[in-house]
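> Read off the chains here:
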Amino acid sequence: MTESAADLRSPDQLAADTRQELRDLILALADSKRILGIRYADWVLGAPELEANIAASSISQDEWGHSRILYALLKDFGDDPQKLEHERQAADYCSIEALDRPLGTWPEFVVVNAVVDTALSVQLNALAASSYAPLRQRVQKQLEEERFHAGHGAAWLRRLGTASDAARAATQSALEERWPAVIHWFGPDELGAGMKAAGLIDATGAELRNRFFQRARPTIETSGLKTPRLDLDFSVWNTSRRRSNPDGPDPEAVARARGDRNRAFLMD
Amino acid sequence: MTERIYVVFARKNREDPLHHVGSVHASDPELAKVYAWKTYDEERWFEMVVAPQDSFHPVNRSEIPFSIHRDPGSAEGA
Amino acid sequence: MARFSDEELKEKVQNGFIVESEDEMTEAYKKALITQLTVQGDTELMSAPSYYGPAKDAPSTNTMVSSMAIIQDELGHANIAYRLLEDLGVSREYLLYERQPHEFKHPYGFDQYLDNWAELVVANGLFDRAGITLLGDVHRNTSYGPLKRALVKVGLEENFHLRHGEVWMRRLCEAGGEAREKVQRGVSWMFPMGVEWFGMPDDKKRHNAQLDFRLKGMTNDQLRQTWLNAVVPLCEELSLDIPAHWDDAEGRAVVDYEFPVNFDEAEKAWLLDEPITWEQAFERWKRRGPANTEYVESVRKGRIQMREIAAA
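Chains as they are written, first to last, in this note's numbering: chain A, 1 to 268; chain B, 1 to 78; chain C, 1 to 312.
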């Protein structure tokens, strides 16, 4: 699946609204992965065992690597990756709302690892056969790396879910807290229908949400946890930023994403 | 948490034999796989496998370096 | 244990014998090896929080990846040393989570805060160079087989850290202005730290079990000289001021002050005209530096959380 006659090589081959939708999706993925890496990095020293420190560090690098590649793809859409990375405010970020706050406890880390990371992978996977060749060609390696993220998240979720009542309760509560933002992230049911028709993606919002349930539910339930239930509400949803809360990530995360404190050394 | 030590073996190329690259602590084989992959990432391995340390049975020596049968939590600090 | 006497084992390892298991060690050999591995593991471990300070605020995605990769390596190297210790009967749980912060045995340099990206890359250039000097010698010479094998990975990765440090030191110096000033500031406090790193001079040290048992090959002075011979020309090439110079006549780098000297922790500044005794230097090391407790606590946060919720 590297070359095909139907391949799109440039965003200019797309209708204006579809092109915009694809650009927004790539940015949402890039921003989410940039912030996810920062959230993971907070646990690089303080994970409960040395091997988990190492895994957290490696996984955060993977996420940043993915974000860097995704930002670079936006050049062809007329964006300046340097500006995207270093000059935006929190309110410009399109990252998944589930990452707006830091991960204060290890169970929060595990829930984000098992659930948020999986949501991003489900979305990424839907681009693995994209007609937009530059994107498709970069997705495969990311998905291979994501396998290990999912393995880490699932194993730790099971461990926390079965360690003790208190561990399970802490994990369940972290899950309840981040869950709404995760299932809303796929957007209204028809989101992406235009991109799907153009062969850019192989699923709409509803279909992606369903795929996510198929993947997440067994992981959650075999861990002794309950899958939260709630109704979808897109009344204040911003389609382009894929979020309801307009604020964006906390200022500290944005300062780090932009590299504010070491701006004098920005030379790459 | 019932942790075990898993021994890690890997090979770089198809024709290579597996060789011992190190070990990790893990509470289950799934975690052991991730930990091994992330800890011993100095090469782009063609293949990596893990096995619990206590599944190794020394044949001609009483102790071998990667398989000392000792409960990881029990030893005293030196 | 005690298949050999100390004298027999010393002679065997000097003739190339490789120790592969505990039953081939003497008590004295094992003790010296445990001390060496503890210093090695603690040094790798405590470099991680030290590097993390600037790494979490790295100037870009690329630099965040490269500095986090270095931290990952250091944690992996700590794991290697602690696993080897565990095979010798020392509990990893105890080493990581039970000791008092001041009981860690890493060099005093990793008890300091690194203030910015420039200080991180100087630490890569100077401290990782010290690490390579020490561990490269161990790798070439150690009589302990499991350690010799494990150091292949460590050597590969430490070289990457060193390159990262030197490439970035050069880049920041060439940029001039604030970037160069911050590199100079870092070198000014880290260079004398590196001079101290290798410990007491040979003429003040009576005997050395690590050398006798061939757990290393070079003496403190030889190791220090190897480090100086690499670091001094680099600093001179980059026109960075250091209290040392390359002596053409002698064909080696020479330190321009009587070390050890006093260190002003609050200012992170060496008082090069205030010499102290080695005993005073050891006392300072044993008191540990300003970041010691915070760094040790930072690697324990999740373990403590897990213990609390797993026990509840």
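Each hint should be verified, as a subset may be incorrect.
[What the hints assert, rightly or not] Some residues of chain C that are not near chain B, with every Cβ distance over 12 angstroms (derived):
#  : residue
1  : Asp-73
2  : Gly-76
3  : Asn-79
4  : Arg-83
5  : Leu-84
6  : Arg-149
7  : Val-167
8  : Ala-230
9  : Ala-244
10 : Glu-258
11 : Leu-271
[Claimed, not checked] Capping the alpha-carbon separation at 27 angstroms, the derived lysine-lysine pairs in DSS-like fashion look like this:
#  : chain 1 : residue 1 : chain 2 : residue 2
12 : A       : Lys-141   : B       : Lys-12
13 : A       : Lys-83    : C       : Lys-56
14 : B       : Lys-12    : C       : Lys-153
[Unchecked claim] Some chain A residues judged to face chain C by a derived CB distance under 7 angstroms, without partners named:
#  : residue
15 : Arg-101
16 : Pro-102
17 : Gly-104
18 : Thr-162
19 : Thr-222
20 : Arg-261
21 : Phe-265
Since the hints were made in silico from the structure, they are not lab data. Positions of the beta carbon are idealized from the N, C-alpha and C atoms, including for glycine.
> Would you mind marking each hint as holding or not holding in the structure?
Hints, verified against the model:
1. Asp-73: At roughly 8 angstroms from the nearest Cβ of chain B, Asp-73/C sits no farther out than 12 angstroms, so the non-interface label is violated.
2. Gly-76: Its Cβ does come within 12 angstroms of chain B, the nearest being 5 angstroms, so this is violated.
3. Asn-79: For Asn-79/C, whose nearest Cβ neighbour in chain B is about 6 angstroms away, the distance does not exceed 12 angstroms, so it is violated.
4. Arg-83: violated, 6 angstroms
5. Leu-84: violated, 9 angstroms
6. Arg-149: violated, 8 angstroms
7. Val-167: holds, 20 angstroms
8. Ala-230: Fine: 23 angstroms to the nearest Cβ keeps Ala-230/C off the interface.
9. Ala-244: Non-interface label on Ala-244/C holds, nearest chain B Cβ at 34 angstroms vs cutoff 12 angstroms.
10. Glu-258: Holds: least Cβ distance 36 angstroms, greater than 12 angstroms.
11. Leu-271: Fine: 37 angstroms to the nearest Cβ keeps Leu-271/C off the interface.
12. Lys-141/A <-> Lys-12/B: Measuring from Cα to Cα gives roughly 19 angstroms; hence the hint holds.
13. Lys-83/A <-> Lys-56/C: Given that 27 angstroms is the threshold and the Cα spacing comes to 20 angstroms, the pair holds.
14. Lys-12/B <-> Lys-153/C: Distance ~14 angstroms between Lys-12/B and Lys-153/C Cα, so the pair holds.
15. Arg-101: violated, 17 angstroms
16. Pro-102: For Pro-102/A, the interface hint is violated, since the closest Cβ of chain C sits about 12 angstroms away, which is over 7 angstroms.
17. Gly-104: The hint is violated - Gly-104/A has no Cβ within 7 angstroms of chain C, the shortest such distance being about 10 angstroms.
18. Thr-162: For Thr-162/A, the interface hint is violated, since the closest Cβ of chain C sits about 10 angstroms away, which is over 7 angstroms.
19. Thr-222: Violated - the Cβ of Thr-222/A stays beyond 7 angstroms from chain C, reaching only about 19 angstroms at its closest.
20. Arg-261: holds, 4 angstroms
21. Phe-265: holds, 4 angstroms
When the structure is compared with the earlier hints, violations turn up for hints 1, 2, 3, 4, 5, 6, 15, 16, 17, 18 and 19 and for no others.
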